[in-house]
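Colleague: If you want the building blocks of each chain, they are given just below.
2 protein chains.
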Amino acid sequence: MLIKEASLQTFTENIFLKIGCSLEHAQLAANVLLRADLRGIDSHGVARLSGYVRLWEKNRINPKPNIQIVHETPTTATVDGDAGLGLVVAPFAMQVAIEKAEKYGSGWVSVRNSNHFGIAGYHALLAVEKEMIGFAMTNASPLVAPTFSNERMLGTNPMCYAFPAGKYPPLVVDMATSAAANGKLEIAQRAGKPVPEGWIQDENGSFTTDPHALKSGGSLLPLGSDREHGSHKGFGLSATVDILSAVLSGANYGPWVPPFVAYLDPHPNPVGTGIGHFLGAMRVDGFRLIEDFKHHLDNWIERFKSANPIHPDQKVIIPGEPELEAELDRKVNGIPLVDAVVKDLNELAEKLGVEGLGEF
Amino acid sequence: MLIKEASLQTFTENIFLKIGCSLEHAQLAANVLLRADLRGIDSHGVARLSGYVRLWEKNRINPKPNIQIVHETPTTATVDGDAGLGLVVAPFAMQVAIEKAEKYGSGWVSVRNSNHFGIAGYHALLAVEKEMIGFAMTNASPLVAPTFSNERMLGTNPMCYAFPAGKYPPLVVDMATSAAANGKLEIAQRAGKPVPEGWIQDENGSFTTDPHALKSGGSLLPLGSDREHGSHKGFGLSATVDILSAVLSGANYGPWVPPFVAYLDPHPNPVGTGIGHFLGAMRVDGFRLIEDFKHHLDNWIERFKSANPIHPDQKVIIPGEPELEAELDRKVNGIPLVDAVVKDLNELAEKLGVEGLGEF
Chain U
1 MLIKEASLQT FTENIFLKIG CSLEHAQLAA NVLLRADLRG IDSHGVARLS
51 GYVRLWEKNR INPKPNIQIV HETPTTATVD GDAGLGLVVA PFAMQVAIEK
101 AEKYGSGWVS VRNSNHFGIA GYHALLAVEK EMIGFAMTNA SPLVAPTFSN
151 ERMLGTNPMC YAFPAGKYPP LVVDMATSAA ANGKLEIAQR AGKPVPEGWI
201 QDENGSFTTD PHALKSGGSL LPLGSDREHG SHKGFGLSAT VDILSAVLSG
251 ANYGPWVPPF VAYLDPHPNP VGTGIGHFLG AMRVDGFRLI EDFKHHLDNW
301 IERFKSANPI HPDQKVIIPG EPELEAELDR KVNGIPLVDA VVKDLNELAE
351 KLGVEGLGEF
Chain D
1 MLIKEASLQT FTENIFLKIG CSLEHAQLAA NVLLRADLRG IDSHGVARLS
51 GYVRLWEKNR INPKPNIQIV HETPTTATVD GDAGLGLVVA PFAMQVAIEK
101 AEKYGSGWVS VRNSNHFGIA GYHALLAVEK EMIGFAMTNA SPLVAPTFSN
151 ERMLGTNPMC YAFPAGKYPP LVVDMATSAA ANGKLEIAQR AGKPVPEGWI
201 QDENGSFTTD PHALKSGGSL LPLGSDREHG SHKGFGLSAT VDILSAVLSG
251 ANYGPWVPPF VAYLDPHPNP VGTGIGHFLG AMRVDGFRLI EDFKHHLDNW
301 IERFKSANPI HPDQKVIIPG EPELEAELDR KVNGIPLVDA VVKDLNELAE
351 KLGVEGLGEF
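So the sequences go chain by chain: U and D.
One point on numbering: in our numbering, the residue at position 134 of the first sequence is 134, and numbering is uninterrupted.
One point on numbering: in our numbering, the residue at position 195 of the second sequence is 195, and numbering is uninterrupted.
Calculated from the structure, these hints are not laboratory results.
Predicted, not measured: the structure shown is a model, and the values here were computed from it.
Where hints are given, some of them may not hold.
Copies of one chain are not kept apart here, so a pair can be met inside one copy or by any two copies together.
[Said to hold, decoys possible] Derived SDA-like pairs: lysine to any residue, alpha-carbon spacing no greater than 25 Å straight-line:
id	residue 1	residue 2
1	Lys-351	Asp-210
2	Lys-294	Pro-170
3	Lys-294	Gln-68
4	Lys-343	Tyr-168
5	Lys-103	Ile-69
6	Lys-305	Leu-2
7	Lys-184	Glu-197
8	Lys-64	Val-271
9	Lys-4	Ile-310
10	Lys-184	Asp-210
11	Lys-305	Pro-255
12	Lys-215	Arg-303
13	Lys-58	Pro-196
14	Lys-294	Ala-262
15	Lys-18	Lys-64
16	Lys-167	Asp-339
17	Lys-193	Arg-48
18	Lys-305	Phe-148
19	Lys-4	Val-271
20	Lys-294	Val-271
21	Lys-343	Ile-19
22	Lys-215	Leu-352
23	Lys-18	Asp-82
24	Lys-18	Asn-346
25	Lys-305	Asn-269
26	Lys-331	Asp-226
27	Lys-305	Arg-227
28	Lys-167	Leu-357
29	Lys-343	Pro-309
30	Lys-215	Glu-129
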């Protein structure tokens, strides 16, 4: 099913309104989710909507959060999300970072007591709109084992860095710090296809190609896959995300991070509140003239695009290019939803008494 | 040969004095190099000393640089290293970042017109000494090909994040963004041993285990090794380092970065000056009480140390642990130097007319 952005936005807003969000929050949360669908990161878009609702049903999401700054200096702050949707808590925190950067050159906000914030790229790009460099990270439900362990200790903990270019679109590095994002695993599970060696290990810590291994005690592997190929680096990056997002803010970290799925209960003895994010903004003109930066970033992009390809039909891809291509296409042609997602959303609509997708 | 830290420090200072460094700079530069040897990162210590001297002989290193801030806001700055040793330019820049963080909570410095800065960990740890989180990155001579290319476009571009703990030593993530650091390749070259698949590719872009493949048009691979295992993420991280270090400061980036080896000339049409670094410091107490942060980071470390091991004799390694163990050992027992390095250093000493290592 191909659905227009505006229709899906309205549908999603209606769901968020039904669980008690303000109009402003419902619009924002829908906007963040839709951005994932537009950018082709389908695992982080409306496919997760019923997951958020189930968390709300368990009283784990507060639809009317009192999001506030609880500690700050001129360029740093800790924000308490009051158990709100990460989809609205993170944009609040990024706004704080941007305002600090406007005054002092940079702004950095660590967030506690939040929930899943959608795609990191959405938040980092808020800074890019202001001619700033944007940073966004979050910790997440433990699925990844550190090097040498078979215990799930870390989330896929994404890092995002976004830079404003001149004639080219922003350069956006938005990546899980695991070898493969969980969304890719889910695609393989649905298709019943084996995954490449190096993505996951079984309960004994051996590589496996079974996409269902996580259901029997397996775990995702850090970027690098094994020690010989640098999995300790993926682990180090994931640790960095966890510490900046949660040890710094007072959120839960490591294996204490509450699971996104509502059928798993949060840890009985939490070490903090909710999940954590880390957001930052730096004014480009705090370092050099914005025109000079953009000119050179354009030059960087052109040079890398023209790097000698191994296969003539596959050029180097600039980080963020595929997502932008998806966005341009889907804004015009609509967002493709797989049947399982349409069914899930229509059931959700019926349960909450809002218009289903089929009726648009 | 096992040599005491103090003797190697004096030897190294004498070399830097001979090429015209001030006493203060010679001591600092020697200190930074020695720290690599102490921490077991032998590829970045005195093994590189004659390399720095050869660059000086080619007038590519200015022993008496006028290092200065050329652009700033309260929390950001660009520093021009005046072609000085990165070993002294980077500590200057980190000091600027720390002073800004003391006043405003955070400080961020992009550096141009510099040279190789030794290990990133040295610089990041300067912030940790002040109860801050330290960030250090640098670009480097192009040896790494982006995903889908066989052209050397990026350096091994390290990222370092360092955090102060309580009863444990600082947690230090200090990593090349390539699958393997160049130093590991050099060890395999000396030993004449094949390297694992996934570290390098040959001139045609095929995996090879030949450690000498870089001499015949091969290239290092980004962290992740191939597209299926996330090499586009390693490429994205490396790009981030390159942009923050050089596009932001006005240094050379990508394939324009001047080679560390003096027998290769810099690019005839540079896009900036020298190589670039990016350094940052954030006050922990800009986010939460330092005692609370340290308490929770200690808890994080303990929990990860006790994660279930795959093999009972190999526990999870906390980032920075192996380097600290080496440092504690080598501070007491001395620094081991391989014969080739001793020979190289003694020849250097003779050429410059300073006391050789054998005479200590």
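Colleague: Now look at each hint and say whether the structure bears it out.
Modeller: Right, here's what the structure says about each hint:
1. Neither within a single protomer nor between protomers do Lys-351 and Asp-210 lie at most 25 Å apart by alpha-carbon distance, with minima of 34 Å and 61 Å respectively.
2. When the C-alpha separation of Lys-294 and Pro-170 is checked against a cutoff of 25 Å, the pair qualifies only within one copy, where the shortest distance is 10 Å, while the shortest distance between copies is 37 Å.
3. For the homomeric pair Lys-294 and Gln-68, the shortest alpha-carbon distance between copies (24 Å) is at most 25 Å, but the shortest distance inside one copy (35 Å) is not.
4. Proximity of Lys-343 and Tyr-168 under a CA criterion of 25 Å is satisfied in neither setting, with 38 Å inside one chain copy and 51 Å between copies.
5. Taking the closest pair of Cα atoms, Lys-103 and Ile-69 come within 25 Å of each other both inside a single copy (17 Å) and across two copies (20 Å).
6. For the identical chains of this complex, Lys-305 and Leu-2 are neighbours neither inside a copy (32 Å) nor across copies (48 Å), given an alpha-carbon limit of 25 Å.
7. With identical chains, the CA atoms of Lys-184 and Glu-197 are at most 25 Å apart both within one copy (14 Å) and between copies (24 Å).
8. Within a single copy, Lys-64 and Val-271 get their C-alpha atoms as close as 24 Å, which meets the 25 Å cut-off; across copies the closest is 51 Å, which misses it.
9. Taking CA atoms no more than 25 Å apart as the test, Lys-4 paired with Ile-310 passes in neither setting, with 38 Å inside one copy and 48 Å between copies.
10. For a Cα distance limit of 25 Å, the shortest separation of Lys-184 from Asp-210 inside one copy, 13 Å, qualifies, whereas the shortest one across copies, 32 Å, does not.
11. Only between protomers do Lys-305 and Pro-255 lie at most 25 Å apart by alpha-carbon distance; the minimum there is 13 Å, versus 40 Å within a single protomer.
12. With identical chains, the CA atoms of Lys-215 and Arg-303 are at most 25 Å apart between copies only, with a shortest distance of 23 Å across copies and 44 Å within one.
13. Taking the closest pair of Cα atoms, Lys-58 and Pro-196 never come within 25 Å of each other, the shortest separation being 36 Å inside a single copy and 48 Å across copies.
14. Proximity of Lys-294 to Ala-262 under the C-alpha cut-off of 25 Å is found in neither arrangement, the shortest distances being 44 Å within a copy and 31 Å between copies.
15. Taking the closest pair of Cα atoms, Lys-18 and Lys-64 come within 25 Å of each other only inside a single copy of the chain (12 Å); across copies the shortest separation is 68 Å, beyond that limit.
16. Neither within a single protomer nor between protomers do Lys-167 and Asp-339 lie at most 25 Å apart by alpha-carbon distance, with minima of 38 Å and 53 Å respectively.
17. Only within a single protomer do Lys-193 and Arg-48 lie at most 25 Å apart by alpha-carbon distance; the minimum there is 22 Å, versus 49 Å between protomers.
18. Proximity of Lys-305 and Phe-148 under a CA criterion of 25 Å is satisfied inter-copy only: 11 Å between copies versus 37 Å inside one chain copy.
19. For a Cα distance limit of 25 Å, the shortest separation of Lys-4 from Val-271 qualifies neither inside one copy, at 43 Å, nor across copies, at 44 Å.
20. In this assembly of identical chains, the alpha carbons of Lys-294 and Val-271 lie at most 25 Å apart only when taken from different copies (13 Å versus 43 Å within one copy).
21. Taking the closest pair of Cα atoms, Lys-343 and Ile-19 come within 25 Å of each other only inside a single copy of the chain (20 Å); across copies the shortest separation is 73 Å, beyond that limit.
22. In this assembly of identical chains, Lys-215 and Leu-352 lie within 25 Å of each other by CA distance neither inside one copy nor across copies; the values are 30 Å within and 65 Å between.
23. For a Cα distance limit of 25 Å, the shortest separation of Lys-18 from Asp-82 inside one copy, 19 Å, qualifies, whereas the shortest one across copies, 61 Å, does not.
24. Taking CA atoms no more than 25 Å apart as the test, Lys-18 paired with Asn-346 passes inside one copy only; the shortest distance there is 14 Å, against 77 Å between copies.
25. Proximity of Lys-305 and Asn-269 under a CA criterion of 25 Å is satisfied inter-copy only: 19 Å between copies versus 50 Å inside one chain copy.
26. For the homomeric pair Lys-331 and Asp-226, neither the shortest alpha-carbon distance inside one copy (39 Å) nor that between copies (31 Å) is at most 25 Å.
27. For a Cα distance limit of 25 Å, the shortest separation of Lys-305 from Arg-227 across copies, 17 Å, qualifies, whereas the shortest one inside one copy, 31 Å, does not.
28. Taking the shortest Cα distances, Lys-167 and Leu-357 never come within 25 Å of each other, neither inside one copy (38 Å) nor across copies (56 Å).
29. For the homomeric pair Lys-343 and Pro-309, neither the shortest alpha-carbon distance inside one copy (42 Å) nor that between copies (42 Å) is at most 25 Å.
30. Within a single copy, Lys-215 and Glu-129 get their C-alpha atoms no closer than 41 Å, and across copies no closer than 44 Å, so neither meets the 25 Å cut-off.
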